Amino acid sequence: MSLLLAKDVVAGYGAAEQILKGASIHVEAGEIVTVIGPNGAGKSTLLKVIAGLVPAREGSILLDDEDVTRFGAVDRTRTGISFVPQERNVFGNLTIAENLEISAYRDGGEASRRIEELYERYPMLAGKRRDLARTLSGGQRQILAMAMGLMTAPKLLLLDEPTAGLSPRAADELFDAIVALNRGGLPILMVEQHAVEALAISARGYVLVSGKESAEGPGPQLAADPEIRRLFLGG
Amino acid sequence: MSILLQALLNGVMNGALIAVPAIGFTAIFAVLRYPNFAIAAYATIGAFAAWWVNVHFGAGILPALLVAFAIAGCIGVGAEETALKQLRGAGALTVAIGSIALNTVLENVVRLFFGNDLRGYDLPLVPDWRFMGLRVGPQQLQSLAFAVVIMAAVFAFLRYTRFGKAMRAVADNSDLARLKGIEPAHVAVMTIFLGAGLAGVGGVLIGLDASIDPLLGFRVLLTVFAAAVLGGLGSIPGAVVGALAIGIAEECALLVAPASYRSAVGFAAILLVLTVRPRGFFGERAN
Ligand SMILES: Nc1ncnc2c1ncn2[C@@H]1O[C@H](COP(=O)(O)OP(=O)(O)OP(=O)(O)O)[C@@H](O)[C@H]1O
Ligand SMILES: [Mg+2]
Chain A
1 MSLLLAKDVV AGYGAAEQIL KGASIHVEAG EIVTVIGPNG AGKSTLLKVI AGLVPAREGS
61 ILLDDEDVTR FGAVDRTRTG ISFVPQERNV FGNLTIAENL EISAYRDGGE ASRRIEELYE
121 RYPMLAGKRR DLARTLSGGQ RQILAMAMGL MTAPKLLLLD EPTAGLSPRA ADELFDAIVA
181 LNRGGLPILM VEQHAVEALA ISARGYVLVS GKESAEGPGP QLAADPEIRR LFLGG
Chain B
1 MSILLQALLN GVMNGALIAV PAIGFTAIFA VLRYPNFAIA AYATIGAFAA WWVNVHFGAG
61 ILPALLVAFA IAGCIGVGAE ETALKQLRGA GALTVAIGSI ALNTVLENVV RLFFGNDLRG
121 YDLPLVPDWR FMGLRVGPQQ LQSLAFAVVI MAAVFAFLRY TRFGKAMRAV ADNSDLARLK
181 GIEPAHVAVM TIFLGAGLAG VGGVLIGLDA SIDPLLGFRV LLTVFAAAVL GGLGSIPGAV
241 VGALAIGIAE ECALLVAPAS YRSAVGFAAI LLVLTVRPRG FFGERAN
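Protein chains in written order, with my numbering: chain A, 1 to 235; chain B, 1 to 287.
In short, the hints are calculated from the structure, not lab data.
Model, not experiment: these values are computed from the prediction.
Every residue gets a Cβ at the ideal spot worked out from N, C-alpha and C, and that includes glycine.
Among the clues, some could well be false.
Stated by the list, open to error - Only part of the chain B face toward chain A is listed, based on derived beta-carbon distances under 8 Å:
id	residue
1	Pro138
2	Leu176
3	Ile182
As the list claims (entries may be wrong) - Sample of chain A residues at the chain B side, in silico, Cβ under 7 Å:
id	residue
4	Ala73
5	Val74
6	Arg88
7	Glu98
8	Ile102
9	Arg106
The following block holds chain B by itself, in its conformation from the complex (with noise of 0.2 Å):
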């Protein structure tokens, strides 16, 4: 039983801290139609910026956080109209491929700075938490406590912001929210900052968990991709849940079988949704 319930806990925390990138690939397809796989090195690029601020400068971390944001942010947007905004015109399966070549190369030139190194934040150790049979590290609480908190910052920003609300406009009907006034690309700019800042939030929030290399948002790719589908491309709570979702599968998965067939839980998750309920858990419909 116990060990049921430190399955779900852990569920629980990995889950919230998947959810963070998984909302910023969500948003992206929601607004621009396409799968951004690049959040992957956005992801990377967030944890080695706040790392550089916390070794560096001893930033504690919420102002790595926040730098994290901010860096990953501006490069996705580089990125975006150096490279993939000229793909646009050629369709989403196209720019969803030019991602994963984008992807490569922002991994390879965090490789080319800071080398293939597994490094750590530089934070106290603190051991683990017990009650009741159950074992949980104070950092996973304080990361999911920043996780809850993005998540509600990302909620409020869409419902109540006159930007968040043109964001949800344009996802809705881009051609309706031109005639409005909203001008499309600029909203593009922006959800792109926020996604990709996102990614980069959560790739911290990752990292913190265990160590950073170049690697970090490629090996959680799968999952975060896995939970925006399983939640509806494209759906923000979505998103949440799938991410939660996934999580605890992942952590199940773990009770039955080898640590090698962690993954497997993505990838089977991605075909069960797409053969019996494509539009996932809040997607509006498939395409």
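Excised from the complex, chain A in its bound form (with noise of 0.2 Å):
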């Protein structure tokens, strides 16, 4: 049994043609899992379906063995999926300790003690939670969209390209963060472009290539093949 597994899923938006075209992809407990791809080859929306933010036509998301393909946005936040977006993925006009606030909205009796624990966790959060969250720095930012995440306590976190953006040095921050959060037993699906760093830390990782995953194996066996270093990482 997968924690999650999406079966042959079908999707894209409105009437325009398929984006995803049948992909299947499956997290286990406690892993990390990276998908690669070329630009526009359906890794955001292969997140949005698992999100319930884009409809699946086709195909089933499975999490836990409860069906949820049918289940809307909101709704999957309750079975435990947590997606942090690539872009806009804090609320600018509130402040730091407000959006945390917010992304416990459902259960808002837990809020405190965790946005505590956060606190804790990332202290930088802690020093600027007067602030309005968009006078953060990029990484901070990622920082506070992935602090967000973790405000409904979820089975899965999913992100969109964390590190885009990012400085090497606030880059690598994250990845240790996100390292971090792995040990402590979270499993994370991601979508990253600095596909190297991503691999080496990833239990397993998938090759997307026009909506279908085209490659799977374990993070540094992949990192490590000749052909997809030839075609996505730049050597």
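Hey, can you piece these two chains together into the complex? The hints should help.
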């Protein structure tokens, strides 16, 4: 039994052509799984389908063997899926504290305890709790977005290009934060452009090309595959 | 000098009254992303609802304001759910035009029930106070106080309540709000209630200042819209600052131009903002 099983997913936007053409991936308990692939391959779309923002036209999404395919985004959060989008992933006009608080909208009773835990884990957020989120730097914003994703105590965290636009140092710090979270037992499914670094910390990886997975394997092994290196890793 | 001070004083008083419906208008824009011109009718409905409980049941101003808020809010939600909601898929412009049609319908329903006569609230007449060459009516001061309290209550609601924060979150980014378990459709209904209710309360305050008739809301619509645009559509502090600015500008215009030019101030403000700074004082971006 997989924690997450997305099977033969077909999806797209509006009446336009299909973006995902029968993609299948799974995530097991405790894993970090990374999806890489060329621009426009449908990586973000795949995460959006799993999060319930884009409906699957065909195929199914199972979380812990529960079929959540027909659930909308609000209901998916209740089943334990938490999605941190690539862009606009914090509420810029709300303070750091408000961003965290609002992220546990459905179980507000737990909010203050979790916020304290997150402040301990990420002291930077504690120091800026009264600042508006739009004043944060790129790296700080990603930390906040990830912390917001943790406010619901999810079973599975979805991260879309968490290091996009970050300096190499900030990206390294973020990967460290992701590993630390995973060591605590949280399974993570992420999409990344920094393929080498991401695959290095991943139990498994997928290569998504034109809406379908074209390769799958243990992270380090994928990162070492000469064909994949040539296509996606610039060498 | 005292003429100018008097104009400033009157401008602040009028501006504060306009600010209340302007907050309602801009809040609806922030969450639902369209300008709802039916707030003119909601203001009129609020004014008549308050008049009705005032004249028939002897209700004082405070209970009358609460009734106006509740009735205008409920009618706002009812009209939104039955009429405007169906248009949302067709885009903001379509909903905006629909709201103008809705406004005409609601205005005529009011006319059907109450006729075209001017009416006044049943309140004791109090002579104006004078000090240092300035003239101010106790009724105006009371309305100003109500407006300030209402604005403070709205700010507190948005800042400190769970629902107020959810409203700001949806206004900021409704997709992300959905990911956080907030249903934007629910927030939209509450926002319409609040926005239409505030318009209703604003209608009462404006009616207290003069008299009420079915065109009460329509007469201030341009000023309310100008205030919201000037402050930056969707910004609540902006609506307050915009309303004060327009209120003062209108009074100052009276010093140099005939009263019939008063409404030109609103037009001029809208034109100026759209050409010089489309996002207004506090708006995030032009769209
Ligand atoms: N909201 C949308 N409406 C219509 N088409 C969209 C939308 N979002 C994405 N697309 C299209 O779907 C295709 C796949 O987009 P997607 O964002 O899933 O790719 P991606 O693999 O994440 O690419 P990137 O590496 O650039 O992030 C693209 O051709 C894109 O133009
Ligand atoms: Mg993407």
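The hints, checked one at a time:
1. Pro138: Check failed: Cβ of Pro138(B) comes no nearer than 39 Å to chain A, outside 8 Å.
2. Leu176: 6 Å, holds
3. Ile182: 5 Å, holds
4. Ala73: Where the cut-off is 7 Å and the nearest Cβ of chain B is about 5 Å from Ala73(A), the hint holds.
5. Val74: At 5 Å from the nearest chain B Cβ, Val74(A) passes the 7 Å test, so the hint holds.
6. Arg88: 6 Å, holds
7. Glu98: 6 Å, holds
8. Ile102: The hint holds - Ile102(A) has a Cβ within 7 Å of chain B, the shortest such distance being about 5 Å.
9. Arg106: Holds, about 4 Å.
Of the numbered hints stated above, the single one contradicted by the structure is hint 1.
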